[in-house]
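Protein chains in written order, with my numbering: chain A, 86 to 620; chain B, 11 to 306.
One should not assume that every hint holds.
Straight-line alpha carbon distances no greater than 20 Å define the calculated EDC-like cross-link-like pairs of lysine to aspartate or glutamate that follow [claimed, not checked]: (1) A:LYS423 x B:GLU33; (2) A:LYS336 x A:GLU325; (3) B:LYS167 x B:ASP250; (4) A:LYS475 x A:GLU555; (5) A:LYS336 x A:ASP354; (6) B:LYS37 x A:ASP417; (7) A:LYS336 x A:ASP306; (8) B:LYS37 x A:ASP416; (9) A:LYS336 x A:ASP220.
Here are some of the chain A residues that sit facing chain B, going by a computed Cβ distance under 8 Å [to be verified]: (10) ILE132; (11) ALA136; (12) LEU165; (13) GLY173; (14) LEU185; (15) TYR414; (16) ILE419; (17) LEU431; (18) PRO432; (19) PHE435; (20) LEU442; (21) TRP444; (22) TYR589.
Among the chain B residues that face chain A by a calculated CB cut under 8 Å, a handful are [as the list claims (entries may be wrong)]: (23) GLY32; (24) LYS37; (25) ALA49; (26) TYR54; (27) TRP94; (28) MET110; (29) ALA114; (30) VAL146; (31) LEU155; (32) ALA255; (33) VAL284; (34) LEU289.
It should be emphasised that the hints constitute simulated quantities derived from the structure, not laboratory data. Note that CB positions come from ideal geometry on N, CA and C, so glycine has one too.
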Amino acid sequence: MANDDAVAVKEPKAPRESHARRWSGLGGGFIAKLLLMALVNALALTIIMSAWNAEAWAILTLSIVLIVGADIIYFAKRTLPLKYLYPGLIFLAIFQLFTLAYTGYVAFTNYGTGHAGSQQQAVEATLIQNERRVDGTPTVPLSIVRDGDTLGFAVTQDGIVSVGTEEDVLEPVSGAVVDTNSRPTEVPGWEVVSQNELFSDQDLQQDVIDLRVPVSDEAEDGSMRTRDGSSGAIYQSSIEWDDEAQTFTDKETGTVYYADQEVGNFVADDGSRLPTGWSVTVGFDNFVRAVTDQNLAGPLLKVTLWTFAFAVLTVLTSFGLGLLFALIYNDDRIRGRKWMRTVFILPYAFPAFMSALLWRGMLNREFGIINDWFFFGADINWLGDPWLAKFAILWVNLWLSYPYWFLVCTGALQALPSETMEASRMDGAGRWRQFRSITLPLLMVSTAPLAISSFAFNFNNFTIIYMLTEGGPPFPGTSGLGSTDILISAIYNISGVSGGSADYGLASALSIIVFIVVGIISAIAFRQTRKLEEI
Amino acid sequence: MSEVTAQAPVRRNPSRRSRWWGEVGWKYPVAAIIIFYAAFPLVYVLSASLSSSGTLSSTSALFSDLSFSNYAALSDTSYWTWVWNTLIVGGASALGAVLMGACAAYAFSRFRFKGRRGGLTTLLIVQMFPQTVAFVSVFLLLTALGNVIPALGINSKIALICVYLGGALGANTFLMYGFFNTIPQDIDESAKVDGATHAQIFWRLIMPLVTPILAVVGLLAFISAFGDFILAKIVLVSQDQWTLAVGMYQWVSNQLSANWGLFSAGAVIASIPVLVIFLSLQKYIVGGLTAGSVKG
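The following block holds chain B by itself, in its conformation from the complex (with noise of 0.2 Å):
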């Protein structure tokens, strides 16, 4: 028996292996391609933010030296200040689009009336029409309202979140609507049997059971102001209101080759952390795509 089994492998090899590559091995390859195509342009911008000179014409060579410089720049520009709009926008958004959503789905889910269906209905067809389109009417509202709660005009932040909110219920409700019906009513039930009412019904019970779904919303919220490019463009208008997306655009827009080095180092930064939420929630990420609710 061991001599069949040692010699069986000499005999076979050739043949074995050609196999092994027709079948396996030439996809080690073609995953080397694939990788650098993929990773290529994210390992280039990284070089480009640790060279030492600030301008697109030095950054050919890859990481031909290695100086902090272009990150200790970015101090002396508003990038600070634009993560910081970002981040006030987005929690802001993400926040409000998770406490409508969930009161929303909620009085959907838990209670009957009148108009119900027809609510939902609505919701639905509404939100089939992108709000970005009908950027022009914001615009022209936001400019009316301005003359009137300067808060709400053009080149406010609470403004632009107020806008992000207008399009929080159409497009987060269903997703959570779905969930809060996966929650058993008896549990409800038994609570205001016990003499809970609604409102402790919705803070106490519900809330802590659909925490996953939160999670998603708020998480698709703040990744869609984040990504904003329109509305927040035609919103914020002065340099220290942007966000990041409206301030990153205009360094390369401006004398692109000029500003490459704190393009590059603010990418850096900002893409960091989304990098790794990204990464690490992975697995809930493609559920939530098949949902059909992120970029793509």
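For reference, chain A alone in the conformation it holds in the complex (with noise of 0.2 Å):
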């Protein structure tokens, strides 16, 4: 603080200015910092232009804000601090911050498949997905335009040749030239996407499938589609939307569904619902589900017992056995002590990853070594059954940890004063007695806090159960989930990030009691390191 003021002090006598605002010498640093900035703003600028175009508002704001921020920061003279935290503290608030809040707000909504969007994306993909083709309108011959990245329908009508895009409704055009069958082959102001290009690229193939020029300005009247790239259909939705009264009239049964804010589904009077929802807040209900659901609840509480138990385990065996091969080998009359340790370590110098990967190979049922070595080739399913593919994940993650706790309790031994080791011993404490009433504690003052982040690490240690079991073998049931599924397993199984029919808020609200389960662990381990006070 002294240092602080006497430059405060200081400061008003020789009014320097900063030195990437001064302008004389080289300025090599502000030349430097102009390019850097023109460099950025111009990263900025394009940012905000693409999110215009994809009217993604809050992109857009959140980029203004920031590029404006930044402008500011390096370009006053009085925001020293922040020039040297501004680019760690954006990366910080949107990777880390703004994903840690957003987890919390999806836990309490129904997000994921079938609540993907807002009700107004609800409506509109219901409408699509019940089109159905128009009985009795005949198929008009169509080629495939594009003019740039827009696709869109050439189709011949009546000997006229009208053109739309997704965008665009269809309107003739004048100058298009048809062949035999009347497919448009030239049409002005677009290129002709000839039937080869178009069976030789799948990407486009999907892409024409899915498109829909409408036929008017009516979105009742219906839209061109079509199957297979050379004719066309007019397909209109069999389901009527009803802006005014918020419902979905079906045209063909007359039932009327209501849009319910409560579910986010289109709800009839009989209960059916359509399947398209939107996402809305959904309090505590998927807290509840995940202790009351008949399916999950079961597999949920399973899981819970097990992450608790592997985590403990884990570290009370590796912790257990590096102490042990540490009291043996810290012993000056062993020869070849540094070259043992080197060999002991060697689990922990491979990579992670891999080592599941190879213990997963070698606990193969037919072919792996752990059988043919060892069980004289006995046909034991290590990684098939509950208990044993329990207890082959407890050794794995013993075999890749243990190093770690060795090298950590050899260091700390050897730090151990000698003085009370020989003190004890002058007053006739036999080696138990010395083990347990000095060299334990004294250890466990410096290995505590490393036990407790171990703990904490494992406990979200999805690597090794989902290189090793990948969760399984399944529960019975439809839970998807399995007897060595951790929390973060789980969760990872239930969010269909991966694939499959997923559910955000689900797997949020089980990650906000990972979080809380963490938390406290660290929270336990921060009292004890006391870092609080190096600040």
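Dock chain one against chain two, each of which comes alone in its own frame, and use the hints as you go.
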């Protein structure tokens, strides 16, 4: 503090301009900064423009705020600390703080498959899903046309060629040429896509099949679609949206579906729902579901218990084994200790994910060497039996983490005060007594915080579980969870981020529970290390 | 005198030897068992990688043949693309973590400003909540960002790097902050008196003095990017974008027995640099362990 005061007093006497603002001498720093900021601003401008095009208002606002903030901070004089903190803070804010907060928000919604967007999007999706080809309308000759990235259809109706895209309705064009089948072959202003190109390009085919060209400005009139890229037909939705009443009416059956804001679905009086809904906040429903849902509650409870068991047992076994080895080999009389130690810690130096994959092969039921070498070719289903799979996971995790504790304990043992040990020996303490009353308590002082953080790490050790068993063998039932799933791998399965049916709401609710557990553990560790005193 | 000394060993030999066995000797056979436990999977993977057939079923006999066909076959796969991707992702996140961490640590260590204490406390609390648990919202965030900026969307290495960098400040600032505080303030003060600006002090004076911690943080960031599976698997979708962890997982999970030779050859190649670095830096890593920041 004294130094700061000194500077503060000095500053007014000799008002020095910041190096980056001063235009004297070479000014290399200033030029470098100017170039860098020009680059950053250009980048931000591109992002702002594409956000404008994509109508992503949140991203647009955020990028404007961030770039204005950057310009102020790097060209003003009084923002010195922020000049150093800003880039890191942006990453922290977007990719950590925001994701944490967003997890908290999603946990209270029903966001997921069938509830993916806004109500507006759900209406549009429902209209498209219920599109049927209108009975009795003729198929018309059709060609795919392209202008840059924009795809469109050119159709010949009653001898007149019309062109339309997803955005623009079909409008007649003049000067088009058609072939003998009256398919348009040349359209002024458009490039006609050849059949050959269409057949060879999978992505293009999908785009063509998804393309809907409105027939008129009225959505009621339906849209032109194609299945084969050479003929088109008019499709209309069999369901009608009434914006005033916020209802869908099925034209065939007359069933009316009301927009229910509680559940985010269109619901009929008889309780039936349209498949596509929208995302709404549902309060504590996800948390309640996790403990009451018949398919989910049982497996989730087992998963939670196993998560704790896995984390505790892993720390205990690897700590125990590491400590034992450290005690045995912390002995000056052994020759070749350095060499031995290097081999002992090899599993730790081998990348963890590869160890898990390697053991997965070695524990293979039919061809794995564990059965082959140690069990005389017995048919032991290590990774397929619920209890053996748990044992295998603990065993593999022991193999790859005992060296850590061996290193830590060796270091801690060597740091023990030799006088204390000497004194206890003089007082006639036996070896066991010495270990229990002196070595272990002293050792715990330095290793307990590490044990706690190791627990927190293993609590979320997705890699070993997923690489070794993928959570399997599965529980009976439809939960999609398995005997060796820990909470984070269960969340992974439920969330559906890797495909399949997604339930982001429930997954986030479970993440919150994990956060709470890990937060409590960290708080305990935090009290132990008293890092706050360093501030 | 010489007779006594010559006789003594003969007389005391049996008891001395049994005492030696009881106290020291038994540790050698036990060490042999531990060495076997620690090393046999590694010896096995080396042997499997040298086997001429690439299947799991044929690898039970150790070193039954020595062929490099698995190593040669790697070039027909995407393996080297994955190595390259891993190096890019790991290298960029290490560099970013070092730069951002050093800047933050410098600001917190050298400047006194409003919100400094609050900022440090916030960082300390934030780092307690691992980013990986929030993977669902990372996925949703990247999906939304990808609609606007494809480079920051799903299936982009840049997006993955950004996600890793998001966790960098929380994880490393404290480690670096402590180290920066050990550099005496007098050095900056005297430079300031000589007319050096804050940027000059940072780049020319402080950075060279804190190189050890920069190396440690860079190494840790690289290792955690190298070993990360869950975020990489979510973000990187197509085969040509995968990192080693995602790609090799795919080899083993699809048709485990068929790709075993490829996997073992790939594992040997990827682990050798790691083993060499780890064993040569053993001393420092043990020091870093007690700071509680590596796997375990």
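We went through each hint and held it up to the structure:
In summary, the hint linking LYS423 (chain A) to GLU33 (chain B) is supported, as the alpha carbons are separated by about 19 Å, within the 20 Å threshold. For the given pair, LYS336 (chain A) sits about 7 Å from GLU325 (chain A) by alpha-carbon distance, which is consistent with the 20 Å threshold. About 10 Å separates the Cα atoms of LYS167 (chain B) and ASP250 (chain B), which keeps this hinted pair within 20 Å; it holds. Our distance criterion of 20 Å between C-alpha atoms is met by LYS475 (chain A) and GLU555 (chain A), whose separation comes to about 12 Å.
Between LYS336 (chain A) and ASP354 (chain A) the CA atoms are separated by roughly 16 Å; this keeps the pair inside 20 Å, and the hint holds. For a cut-off of 20 Å, the pair hint linking LYS37 (chain B) to ASP417 (chain A) stands: about 12 Å separates their Cα positions. A distance of roughly 14 Å separates the Cα atoms of LYS336 (chain A) and ASP306 (chain A); the hinted pair therefore holds under the 20 Å criterion. This hinted pair checks out: LYS37 (chain B) and ASP416 (chain A) have alpha carbons roughly 10 Å apart, not beyond 20 Å.
The suggested pairing of LYS336 (chain A) with ASP220 (chain A) holds, with an alpha-carbon distance near 14 Å, which does not exceed 20 Å. Among the interface hints, the one on ILE132 (chain A) holds; its C-beta lies about 6 Å from the nearest C-beta in chain B, closer than the 8 Å criterion. Annotation: ALA136 (chain A) was flagged as interfacial toward chain B, and the flag holds, the nearest CB pair being 5 Å apart, inside 8 Å. Hint on LEU165 (chain A) holds. Least Cβ distance to chain B is approximately 6 Å, under the 8 Å limit.
Interface restraint check for GLY173 (chain A): the shortest CB-CB distance to chain B comes to about 4 Å, inside 8 Å, so the restraint holds. Because the beta carbon of LEU185 (chain A) sits about 6 Å from the nearest beta carbon in chain B, less than 8 Å, this interface hint is met. Among the interface hints, the one on TYR414 (chain A) holds; its C-beta lies about 7 Å from the nearest C-beta in chain B, closer than the 8 Å criterion. A least Cβ separation of about 6 Å between ILE419 (chain A) and chain B falls short of the 8 Å threshold, and the interface hint therefore holds.
Interface restraint check for LEU431 (chain A): the shortest CB-CB distance to chain B comes to about 5 Å, inside 8 Å, so the restraint holds. Of the supplied interface hints, the one on PRO432 (chain A) holds, with its beta-carbon coming within about 6 Å of a beta-carbon of chain B, less than 8 Å. Annotation: interface hint on PHE435 (chain A) holds; nearest CB of chain B at approximately 5 Å, less than 8 Å. The interface hint given for LEU442 (chain A) holds, since its Cβ lies 5 Å from the closest Cβ of chain B, which is under the 8 Å cut-off.
Because the closest C-beta pair between TRP444 (chain A) and chain B is about 7 Å apart, less than 8 Å, the hint holds. Taken as an interface hint, TYR589 (chain A) checks out: its beta carbon lies about 5 Å from the nearest beta carbon of chain B, inside 8 Å. Interface hint at GLY32 (chain B): violated, since its Cβ lies 12 Å from the closest Cβ of chain A, which is beyond the 8 Å cut-off. Proximity of LYS37 (chain B) to chain A holds as hinted, the smallest CB-CB distance being about 6 Å (cut-off 8 Å).
Look at ALA49 (chain B): its Cβ gets to within about 6 Å of chain A, closer than 8 Å, so that hint holds up. Interface restraint check for TYR54 (chain B): the shortest CB-CB distance to chain A comes to about 6 Å, inside 8 Å, so the restraint holds. With its C-beta approaching chain A no nearer than about 17 Å, TRP94 (chain B) sits outside the 8 Å limit, and its interface hint is violated. This hint holds: MET110 (chain B) has a C-beta 4 Å from the nearest C-beta of chain A, less than the 8 Å allowed.
The beta carbon of ALA114 (chain B) comes within 5 Å of a beta carbon in chain A, closer than 8 Å, and the hint placing it at the interface holds. Residue-level restraint check for VAL146 (chain B) holds (minimum Cβ-Cβ distance to chain A is 5 Å; threshold 8 Å). Checking LEU155 (chain B) against chain A by beta carbon gives a least distance of about 7 Å; that is within 8 Å, so the hint holds. Look at ALA255 (chain B): its Cβ gets to within about 5 Å of chain A, closer than 8 Å, so that hint holds up.
Interface restraint check for VAL284 (chain B): the shortest CB-CB distance to chain A comes to about 6 Å, inside 8 Å, so the restraint holds. Annotation: interface hint on LEU289 (chain B) holds; nearest CB of chain A at approximately 6 Å, less than 8 Å.
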